[in-house]
Amino acid sequence: MAGKAETEALPQPDAAPAAASGGRTTLRRWLSNTGITIGGGLFLLILFLTMIGPFLVPHSAFDQSLVSRLRPPVWAGGTAEHPLGTDHLGRDYLARLLWGGRISLLIGFSTIAVAGIFGTVIGVLAGYFGGTLDFAVRFLIMVRLALPAVLIALAVAFIAGPSLKLLIIVLGLLLWDRFAVIARATTMQLRSSEFVVAARATGASNFTILRRDILPNIVNQLIVIATVELANAVLIAAALSFLGLGVQPPTPDWGLMIAEGKQYLLFSPYLITLPGIAMMVLVLSVNLLGDGIRDVTDPEARGR
Amino acid sequence: MERYAVRQFLLSAAVLVVVSVVGFVLLRASGDLAQRIAGSEALAADVEKVRIAYGLDRPLPIQYLDWALNALRGDLGRSLFFPEDVSTLIARRLPITLGLAALGLGTAIIFGILLGTISALKPNGLFDRLALGGAVLGQAMPPFWLGLLFIIFFGLHLGWLPVSGSETWRHFVLPTAVLAIATMPTIMRLTRSGMIDALRADYVRTARAKGLFPFTIVFKHALRNALIPVVAIAAVQLGALMGGSVVLETVFGVQGLGYLAWESINRADYPVVQAIVLVLGGIYCILTFISDLLHAALDPRMRAQ
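Protein chains in written order, with the working numbering: chain A, 13 to 316; chain B, 168 to 472.
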């Protein structure tokens, strides 16, 4: 991460201890962290399964079959034809779970892209320039926190008509606050550090300093926030889909699948438990990964 | 301290005004509100009638000022569905949501502080690892899903508790448990890290050297300092719990503010939705204001900011 900044002939003290010890030891330190290995491994497995899986499963996630409605999964007396059973319209549940993972990941990554860019830009600018701009950004953060996010998202989706694109935009515009808070605080710390003062003394423009000295040094913290917000976005999107104002049928989404299975919860509880477990594993892997990255890049905060 | 309090108060008031504007504008700018009230099959002429009847044809700033001036007097308008004033409606539903959030947060605080303290006594010990593992699991579970699992298990299989409604205290057991499980991890982790720092601090070493009982050291000296950030976060958490009440109250059929919001959104009952955004925003502002004052009283450095 810090390598980019190091190519310039500027002193890079405290902020980049990792680069000093060489690439190989860094990699070993990352891989010896249980959070990163377990969380990262699980996350890669989910990525692989959701990207490749739908092509390996013999059934489509969309084909309905009224004769094979609500078939139980194998452990509840089902057959290997549908290992995880079928839903109320006879669609293969395994195929739908895998497709649902794609949707969740799509929502998660798109949301943190929107929120991350917006939050980082205003946070860095506020932290770097201070003064009135900083006050304005802090005020904006307070307003965002005071707005009931889920309620606003539901109301907007109802009036505008729910869609995947709208869901991503609304979530992106609601989940930027933590990026802004962290980007602002870390930039403020870096602003007065020696290498930024040195860069300014050599006549570097504000833009150059921001791009070359500030951004590379706050990337680690931002990645940690990104994992937290990815998990957050997946959970909120699932809640909105569960309430019917997120992802729309027939698209398979874990939240929507739980909502559809709700009517059958007495006799076919797997319709609810399976998507929930899938979501839990995804969120768990992302959270473990984030905790691990924080432990490795910020030893001060280890184990918090 | 007084100057700090006045400044924070004015800031909170300004935030609330902006929140009310954003909520107001979003409800009107996201689509055609009159069309939503009239229904998707309504004729164009009928939609126009609705637009004029509810004053939605007027310029946006005038609509806002009209609403805001009435809101300042305590009049939040009339519901399109219930035969009541919005303020009466909210006054009846708010205590349920507030009570549920307070119960959930209270449970989370008691258990979170207890587990966090025990974990901090032996960091990386067996108890610490189990508690942290539980916290990570608790954070990963979608609350509405956990609620459904509780309904299946405790409500349908065991038949111990009612699964929907808010008539008796027994209706509140399951939603409280879900809220507590969702909130506990944050509080537990904060207590734990604060306690680990506090137990390493000089004043604890002095207390040990004086030969005080370990119990006194942990609960009287260390915990008091470890709890400052927990107090600060608790107020904010209460606000967040209320904001998130829409989902959980829908799952359990609790007739609180969140459920009212959900019903009203689906009926395009916009005066109610608008008022709930304002009330939840206001509660959040009040809570952060109180939390800031508490924090400043405990930590003089805050006031200098």
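The set of hints was computed from the structure by calculation and includes no laboratory data.
In this text, all values refer to a predicted model and were calculated from it rather than measured experimentally.
Accuracy of the hints is not assured; some may be wrong.
Derived DEER-like restraints, expressed as beta-carbon distance ranges [as the list claims (entries may be wrong)]: (1) A:S217 x B:G241: 33 to 39 Å; (2) A:L59 x B:G198: 47 to 53 Å; (3) A:K177 x B:E169: 31 to 37 Å; (4) A:Q260 x B:L247: 23 to 29 Å; (5) A:G142 x B:A376: 58 to 64 Å; (6) A:L145 x B:D364: 30 to 36 Å; (7) A:L59 x B:D233: 32 to 38 Å.
Computed cross-link-like contacts, SDA-like style, restricted to lysine to any residue with a CA-CA straight-line distance of at most 20 Å [as the list claims (entries may be wrong)]: (8) A:K274 x B:P329; (9) A:K274 x B:F248; (10) B:K216 x B:F248; (11) A:K177 x B:S197; (12) A:K274 x B:V398; (13) A:K274 x B:H324; (14) A:K274 x B:K216; (15) A:K274 x B:L325; (16) A:K274 x B:S197.
Note that beta-carbon positions come from the ideal geometry of N, C-alpha and C, so glycine has one too.
Going through the hints against the structure:
1. Checked against the hint of 33 to 39 Å, the C-beta distance between A:S217 and B:G241 comes to roughly 54 Å, which is inconsistent with it.
2. For A:L59 and B:G198, the Cβ-Cβ distance of about 35 Å falls outside the hinted range of 47 to 53 Å, so the restraint is violated.
3. Distance hint for A:K177 and B:E169: a CB-CB separation of about 50 Å, inconsistent with the stated range 31 to 37 Å.
4. Under the hint 23 to 29 Å, the C-beta atoms of A:Q260 and B:L247, about 25 Å apart, fit the expected range.
5. At roughly 45 Å, the beta-carbon separation of A:G142 and B:A376 lies outside the given 58 to 64 Å, and the hint is violated.
6. Between A:L145 and B:D364 the beta carbons are some 34 Å apart, a value that agrees with the proposed interval 30 to 36 Å.
7. Taking 32 to 38 Å as the suggested C-beta distance range, the pair A:L59 and B:D233 does not conform, at roughly 52 Å.
8. Between A:K274 and B:P329, the direct Cα distance comes to roughly 17 Å. Compliance with the 20 Å bound is thereby established for this hinted pair.
9. Between A:K274 and B:F248 the alpha-carbon distance is near 27 Å, which puts this suggested pair outside the 20 Å criterion.
10. Restraint check for B:K216 and B:F248: the C-alpha separation of about 18 Å stays at or below 20 Å, so the hint holds.
11. A C-alpha spacing of about 14 Å is found between A:K177 and B:S197, which places the hinted pair at or below 20 Å, so the restraint holds.
12. For the proposed pair A:K274 and B:V398, the alpha carbon gap of about 38 Å is over 20 Å, so the pair is violated.
13. Distance check on the hinted pair: A:K274 and B:H324 sit about 15 Å apart at the alpha-carbon level, within 20 Å; holds.
14. Our distance criterion of 20 Å between C-alpha atoms is broken by A:K274 and B:K216, whose separation comes to about 39 Å.
15. This hinted pair checks out: A:K274 and B:L325 have alpha carbons roughly 18 Å apart, not beyond 20 Å.
16. Between A:K274 and B:S197 the alpha-carbon distance is near 30 Å, which puts this suggested pair outside the 20 Å criterion.
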